[in-house]
Each structure stands twice: as structure tokens, then as C-alpha cells.
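Residue numbers (numbering that gives the first Met the number 0), protein chains in the order written: chain G, 0 to 240; chain L, 0 to 240.
To be clear, the hints were calculated from the coordinates, so they are not data collected in a lab.
Possibly wrong hints are sitting among the right ones.
Some chain G residues flagged as far from chain L (calculated, every beta-carbon gap over 12 Å) [what the hints assert, rightly or not]:
#, residue
1, Ser32
2, Arg55
3, Gly65
4, Ile84
5, His131
6, Glu145
7, Pro193
8, Lys200
9, Thr223
10, Gly232
Subject to a maximum C-alpha distance of 20 Å in a straight line, what follows is the list of computed SDA-like cross-link-like pairs (lysine to any residue) [said to hold, decoys possible]:
#, chain 1, residue 1, chain 2, residue 2
11, G, Lys61, L, Met0
12, G, Lys61, L, Arg43
13, G, Lys156, L, Ile99
14, L, Lys62, L, Thr101
15, G, Lys61, L, Ser155
16, G, Lys162, L, Ile2
17, G, Lys200, L, Met0
18, G, Lys162, L, Asp31
Note that beta-carbon positions come from the ideal geometry of N, C-alpha and C, so glycine has one too.
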Amino acid sequence: MYGHRARIGYCSPPVVTEVFVYEFYKMVPPGVSLLLTTLEVGLEYTQQAFDGSFNRSIEAAKYMAGAGADVVVLGGNPVNQSRGIENLPGICANLSAEIGINVVASTLCQKEAMEKLGVKKVVSAHASGAQHDDRHHQQMENMGVESVGVASLEGYKLLGYGKIPTDCAFEIASKLKGEHPEADCVHLASAHWPTAHVIDKIEIELGVSVMNSQQAIVWKALRTAGVTEPIKGFGRLFREF
Amino acid sequence: MTILGNRARIGYCSPPFVTETFPFEFYMMVPDGVTLLITTLEIRTRTKEEVMASHQRSLEAAKYMADAGADVVVLGGNPINQSLGMENITDVTNALAAEIGTKVVTSTAAQTEALNLLGAKKVAQVFCYEDSEKERHTNSMRNLGFEPAGILACGSDFQNIGRLDGQLALTLSRQVKQENPDADAIHLGSAHWATAHAIDQIEQELDVSVMTSQQAIVWKALRTAGITEPIEGFGRLLREF
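Using the sequences plus the hints, can you model the full thing?
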């Protein structure tokens, strides 16, 4: 079968998902496949969308386990953190015990990735508009690192993140690092805009570690599924851990 | 300034609640600069209620995809499409396209057109589900306007089609052609089991045309989006039409 090495389940928040799948298949080695369920986050970030997404995630995780997935990722920092970050390990452990396979949450993937990378001070780049800067700042603080700067691209809706030009991630990362030279990590937040292709470039040219949401999710899922070899082209995280 | 889907962005409403094989094969087939926008629908076991709910979620997803800038939207799922009545499918897609301002095609129409272009008359079928679905698949082929000429089932339930052995498409095609030597085409039914890798070999070895549901959908979507060059490796359909 196509996923003869590992079959990775991912509950993807955007009701229409584009970039995650594209970047997944750029990153993973042959023999790894993605089991995907798209959730309920549409044009707006609302509690109703987060609740609907979380419930659909739980159902999807059970179905994925029945289909033979090796690991399930509960996607979406906002969806995850809506349950309380302190509750996530228990939610994952309980669900894992119920369905019989490993369960990880996007938020915990990102937290662990930054711990591995030795991150202390992080700047975050995102695409959901400046009105979400505070949320992104708080999400980083919740993960136990110091958030020293946040900036957003403007003019994009979640379901249209596929229209973000591919050079935007590097440009905003450069701007943030220039404004906050003390940052030792750039976080490219959200797993649904084009970032994978510039991770190495940002790390090399700006002298920082990069953790992007999509990279951290795929990294943690692969390692949990037993795919442990270094993967080149997508940052230190994949190469060294 | 370029985007990942700088040549075409293709929307697909994917019937399985958890979708695995379609995106895998999509990115095997399409040229650089083409991306997939995907929404997973409601089919878990294929009850009538799930089929109806899937159609409704397709209509919502099609609007989101159009708003996100998709060049074409595919309403997936022969059973979902045909539940509208074969005679109504064109009207439904035309009305939806007019409403959302983006081209809309259906899986059923894509497969019908593909078989016509391939010059198929007598179509042998291999599909992934249980034997109990043979009659439905045979009727579905008649609805498309072609003479069924033998049918074999892989025997999987809906949840486990991603686990099917990658050799089944080839070995069962050999068997169905041997049992039905008058067949001039083989249809590998359902877009959600591993078939793309076997298309060329089946055509060359058995001297038939091959139409798989997944191949026909991707072919029709690409051509509708203006991607017209021949694509090698996945049968006559993508190479010659």
C-alpha cells in the first residue's frame, strides 16, 4: 500500500485545506501517506467553529484508528488551546487509550519542537491579520517561551492562504528578526500558508531556528510513527531531531 | 510574486470522511504549479443519510473554494452525484457554477467523458468494496451509458480501502480481462484506493484502455483549468486527451 512505512492521520481545521497537504508530500519520505479529515473552521475564527472542529476531530481520530493509522494529529492551535493547554496531554492520553493508537496535538508538537531547538525568545509571523497578534503572542507564551514580537501579513482569509505569494514568509521573517534581533527563533504560525520552502533559507540567512506549525506537526507525527531518519531541506528540526 | 498553485488550483469535494489515497495520487499526477483544495465529506459507511449530507457539504465547500480562488471545483462521488438523478446532474452543476462564479464538474460527468474519449464500448470493472456492491457498480456503469462486461471486487469495507494491497488493481484487472476477453476498457472504480501506479501497465499488458475514477477526475479538472499538456505515466487518457 502507499503508506507502507507510516500512515499519518491529520484533523485539519480549515474546511477547505490546501497548503498542508501540498507541503506534507514535499516533506515526507516515500512510503508515508496522509489520512485527512477537514474540520469546521471557515471564514471566521469563532468558538462555534472551534467546538465543531474539536468534536469532528475526535470522531475522525476514532475512524482513523479503525482505518489503521499509525498516529493521529489533532490539528489547530486555536482549536487545541480552546480546550486549555494544560488539558491537552490528558485529552491526548485518554483518546489514545480509547482508540489504541498514538494521538498528538498540534500545540504539543510545536511546544516540543521549540524545546528540542532550544528556543528562548521567539518572534511569530502569521497571516490572520493584526487583530490576531495578541492571540498569537499568548499562544507562544502558553507554550513556555518568551514572545518578543508578532507580525501579520494583511489581506488574506484562512481559506485563501493558498493565494499568499511564496516569498512572503521570508520577507516577514526578515522584518521580524530585524526589529527583534534578540530572537533566537522564528515561528511561522499556522500550518496552512506556504512556508516549508523557506525554512532552510531563513535559518541560514537570519541565524535563527525556525519552527513552523506544519513542519512541527509532520516532524512529530513521523517520529511518533517510527520514521526516524534525518530529513534534509526543511530546517534543523527535521535534520537533527 | 508567485503562489504554490500558480498554474491551477483545483477544488475537490472528497466523499470519504477520512480521505487518504486521492491526494496521494493527485500529487503523483499533476505537473508543478498545480495544487489541490480539498474538503472531506461525510461518507463513513455510505448510508443514504451520509450521501445526502455529503451533497449538502459539497455545495457549501464549493462556495468556499470559489471564494478562495479555485479555478475549478469537482463534486466528487459517483453515488453522491447519481443520487441527484443522472438527468439532473448537468443542471445542478450549471446552476452552482453560475452562483459561485467558478467552473464546476462532477465525478460522474468526468468519468463519462473519459470513457467516451477512450472509445470504450464494453467496460469491465474492478472496484475496491465488497461483493455486495457489484450490482450498484454495474448499474452505475449502465447509467454512464456503457455496457458492463464483467466485474470483480477487492472485498474491502469503506473504512479500510487505504489498506488494500497495491498489487490488487493489476492482478484483478488481469483476472477480469481473462474472464471477459471482449472488454475493451477496464474501469477501476472509486477514487480512493491505490490504482494510479498500475494504469500504464494494465493498458500495455492487457491491450485495453483504463479509466480510473481518480484519473478521470484529475484529468477533467486539469483540462477544465487550462492545463492541456500530455501527462505521461497514467494511461492514454492523460497522455492523449
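Problem - Ascending list of hint numbers which this structure does not respect - result: 1, 2, 3, 7 and 11
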